[in-house]
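Student: Read top to bottom, the protein sequences are chains A and B.
Just so we're aligned, residue 7 is where the first sequence starts under the numbering used here, counting upward by one.
Just so we're aligned, residue 100 is where the second sequence starts under the numbering used here, counting upward by one.
Quick caveat, the hints were computed from the structure, so don't treat them as lab data.
Hints may contain errors.
[Unchecked claim] If you only want the chain A side, here are some residues facing chain B, beta carbon under 7 Å, derived:
no., residue
1, Ala99
2, Leu103
3, Gln109
4, Ser319
5, Gln320
6, Arg327
7, Thr330
Ideal Cβ placement from N, Cα and C applies to all residues, glycine included.
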Amino acid sequence: MDDRTQSPEPQFLPRARLQELVDALKRAGFRCVGPTVRDGAIVFDSLDAVDTLPFGIHDEQQPGSYRLHADDNARAFAWANGPQALKPLLFAAREVLWRARRQADGSLRFDSEQAAPQPLAVIGVRACDLAALAIHDQHFVRQAHGASPDPAYARRRAALFLVAVNCSDPAATCFCASTGDGPRASSGFDILLDELDDGYLLSCGSEAGRRIAAGLVLVPARREQSEAAMQQSARAERKMTRRLPGRNLRDTLFGRLEHPRWNEVAERCLSCGNCTSVCPTCFCHAEREQQQIDGSESAHLREWDSCFTRGHSQLHGYVVRPDTRTRYRQWLTHKLGSWHDQFGRSGCVGCGRCIAWCPVGIDITEEAGAICSEQR
Amino acid sequence: MNPYLPAEAEIVERIQESPAIFTLKLRLCDPELRAAYAFAPGQFNMLYLYGAGEVPISIVSDPQEPDLLEHTIRAVGRVTDALAALPAGARLGVRGPYGRGWPLRQAEGHDLVIVTGGLGCAPVVSVINYVLMRRALFGTLTIIQGVTHAEDLLWRERYARWNALPDTQVLLSADHGSPLWPWHVGRVTEVFDDAAIDPVRAIVMMCGPEAMMRAAVRELGRLGVQEQAIYLSMERNMQCAVGHCGHCQYGAAFVCRQGPVFAYPEVSALFDVRGY
Chain A
7 MDDRTQSPEP QFLPRARLQE LVDALKRAGF RCVGPTVRDG AIVFDSLDAV DTLPFGIHDE
67 QQPGSYRLHA DDNARAFAWA NGPQALKPLL FAAREVLWRA RRQADGSLRF DSEQAAPQPL
127 AVIGVRACDL AALAIHDQHF VRQAHGASPD PAYARRRAAL FLVAVNCSDP AATCFCASTG
187 DGPRASSGFD ILLDELDDGY LLSCGSEAGR RIAAGLVLVP ARREQSEAAM QQSARAERKM
247 TRRLPGRNLR DTLFGRLEHP RWNEVAERCL SCGNCTSVCP TCFCHAEREQ QQIDGSESAH
307 LREWDSCFTR GHSQLHGYVV RPDTRTRYRQ WLTHKLGSWH DQFGRSGCVG CGRCIAWCPV
367 GIDITEEAGA ICSEQR
Chain B
100 MNPYLPAEAE IVERIQESPA IFTLKLRLCD PELRAAYAFA PGQFNMLYLY GAGEVPISIV
160 SDPQEPDLLE HTIRAVGRVT DALAALPAGA RLGVRGPYGR GWPLRQAEGH DLVIVTGGLG
220 CAPVVSVINY VLMRRALFGT LTIIQGVTHA EDLLWRERYA RWNALPDTQV LLSADHGSPL
280 WPWHVGRVTE VFDDAAIDPV RAIVMMCGPE AMMRAAVREL GRLGVQEQAI YLSMERNMQC
340 AVGHCGHCQY GAAFVCRQGP VFAYPEVSAL FDVRGY
């Protein structure tokens, strides 16, 4: 994690040798996870043989819509993203934080969950995912806003190896160029790939990445290949037409808390929390107890929560955000506004997941645009 | 180290303050943890009831006696209702202390105005106790408390006793009085004029319903008290208490870390907006 600068000389890995990258990671002790198709979506799951990668699969994303289609394209990464990538691998959707045991004499014992995770290598991470990971690192490990490090997250993070793939095919919902987070990854990976028609440009971003690359049969990349990769990224960037109205909307949003658009969006929003589930930077979680049926032990769990629920802002006797208007406003003014004070940047990495997975197709760029536009 | 892990504590004494309010005096079972424990008034602990969950509760005892941690609790929910049923000798989990307490060092040499509303407002009870034990360090002490019904007032004899102390004034107000209610009937902000607040020397500390605090801030402004001399304790849903779970966010602030005590200018931007 200390040395993630990209090495200047990219190498080339022919597609026929992609399996060797997975094998090298497995030999180094990593469990490999990569994209595959399940239930009509790109999901990250165990990766042993590269033929489970989504070769020839493309995603078509629109507000409220996510569809895959296949062709005979030889590429494995010619899609933008699926509903999740890194978030559930580091910040588990549900996990036990500790267990309480009641002894026969009535005394209590508390034990941490200390399972040491198997080192994990994730292949196919996008620039937007890396940007979101850097935010979660700040939140859970690097003690942003004075918080204590989260041990479970920190253990998994320390055992993580990242193979990023620059995005060549952003979806219609994507806008990472507008947030400054993509489509090319600039840091935070161990190995970075550019997918070309016949294989992969490979560069290293860390010592761990260089050690893995040293075990691969690589040839120096030709200049045309490097140029093709840069042109591909430039095309990807041009393809993205959605954008946020600015990088830092804090003052504008907090200056327009009574804008009529909050009411309008609240009439469409179902307050379902899909957006917060798929958002790679949303970190809210609830804590609850799960008792053994014989009463001998109680597990203290945390699971993802959403600011769109009633319980999120519940106090004894009243709910701070009783309606969808105040909940949507909380989400947006936090994500694009107060996030800057907490993390020194916006909480949006432009992945567009909240747009595609919103059942009614609410578009964060459109809402932010409407609220921040000159007309009020 | 797991910041979420509670430590075992024993209920040394349990006091029923009113039908719904009770005080638990807790002692950490591990002598090393007990020796290392230190807190400031205004900070809170997470109390864990076996099998039920955790709740954030203010510490009301004196910081110089951290061996015995007093928590005054109102039974208002699933966990606090169950905590109310625990007898002395029972065990529970404690982790803390958390948050930023009252600016009692800065307040030395100043007049103190304590404003509370509602029932058994624990965060300021800790201040009153602290100041009364170190009376010479502070100027005048004014305690202003509002309740809805006269019967709601806790510790009635304590208020009378405090009011008899030199340089100490107690002003109570009930929206609905009763035959034996000797204090003001009406809104709590109506008694501010009787408080003889010196706007230059006063530091105000308040907690209670936000509508009451909003009205109090306006009233104090009218009396010439500077906004930066007003401190208030905010209450939000808190589940982790270490700045991770996200529930207590108030604008950019995590109330569990940057609060629960804030100087008014730190929260004023959103204080009048419903939904934060």
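Student: The structure should be examined with respect to each hint, and the outcome stated for every one.
Tutor: Quick rundown of the hints versus the structure:
{"no.": "1", "hint": "Ala99", "in the structure": "violated, 14 Å"}
{"no.": "2", "hint": "Leu103", "in the structure": "holds, 5 Å"}
{"no.": "3", "hint": "Gln109", "in the structure": "violated, 9 Å"}
{"no.": "4", "hint": "Ser319", "in the structure": "holds, 6 Å"}
{"no.": "5", "hint": "Gln320", "in the structure": "holds, 6 Å"}
{"no.": "6", "hint": "Arg327", "in the structure": "holds, 5 Å"}
{"no.": "7", "hint": "Thr330", "in the structure": "violated, 11 Å"}
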